[in-house]
Amino acid sequence: MYIVKTPWWLRALYPSLIWRLPAAEKVIYLTFDDGPHEIATPFVLDVLKQYNAKATFFCIGKNVLQHAEIYAQVIAEGHAVGNHTAHHANGWKVDDEKYMQEITEAAECIHSNLFRPPYGRIKRSQIKQLQKRANNNSTLQSTKLPFKIIMWDILSGDFDVTLGKEVCYKNVVSNTVPGAIIVFHDSAKAWDRLSYALPLVMEYFTKKGYRFEAIQFK
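Residues 1047 to 1264 in this note's numbering are what the sequence shown spells out, letter by letter.
Hints were generated in silico from the structure; no laboratory data involved. This structure is a prediction, so every number in the text was calculated from the model and none was measured. By construction, the Cβ of each residue, glycine as well, lies at the ideal position given by its N, Cα and C atoms. Wrong hints could be hidden among the right ones.
Claimed, not checked - Listed below are the simulated EDC-like cross-link pairs for lysine to aspartate or glutamate, each with C-alpha atoms no more than 16 angstroms apart in a straight line: (1) Lys-1174 / Asp-1141; (2) Lys-1108 / Glu-1151; (3) Lys-1100 / Glu-1259; (4) Lys-1178 / Glu-1143; (5) Lys-1254 / Glu-1071; (6) Lys-1100 / Glu-1123; (7) Lys-1095 / Glu-1259; (8) Lys-1235 / Asp-1206; (9) Lys-1072 / Glu-1259; (10) Lys-1072 / Glu-1249; (11) Lys-1095 / Glu-1249; (12) Lys-1178 / Asp-1142; (13) Lys-1174 / Asp-1142; (14) Lys-1169 / Asp-1141; (15) Lys-1211 / Asp-1238; (16) Lys-1100 / Glu-1249; (17) Lys-1216 / Asp-1206; (18) Lys-1253 / Glu-1071; (19) Lys-1235 / Glu-1084; (20) Lys-1095 / Glu-1123.
To be verified - Label-pair distances were calculated between CB atoms; the ranges are: (21) Lys-1108 / Gln-1262: 23 to 33 angstroms; (22) Val-1073 / Lys-1051: 11 to 21 angstroms; (23) Trp-1237 / Tyr-1165: 11 to 21 angstroms.
Based on the provided sequences and hints, a complete structural model is requested.
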């Protein structure tokens, strides 16, 4: 089960997490989780380039090591990257120490002050530990922490293998507002829906005068 549009009460429960960004203009923030992937990520990069768009890639550490050249291409083309743990750890299913180890390991190859919890599952204690240990851990300090924990406004649903690709597209275009943070996945599991929906989403919002920017905090 998942909610396409993040409700106000969930944002209110976790106000220190970033669900949407302020926007006085027509700006939206595309994000891609779980890469790099040998097929999906180059496809995403090609589509983004067609629209002169920037995005944010929340990468898994083991995938960065496996596809270092693709990861380097993401950065070279001006996109932002974020830490998504080393092995896609579920914060609800591991203890805090293990969770921080996952983040620290990923930080060795993903130099970013952005973090997104896999599955969106993170305990309040882990949020606190993340900030505390970021200030005391030499590996994490090199990433200009403290982390900004980036959640989302809209889930495209591309990870849902039971979802029709047209519904994935409609999930995005029906719910997006300026400043929205939108989640896609550059992964094998999401490929059928991603490859259909992303080009249509880009075309739709470009025609409506939107631009696509990467998430950045200094």
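Please flag the earlier hints that this structure goes against, numbers listed from lowest up.
none
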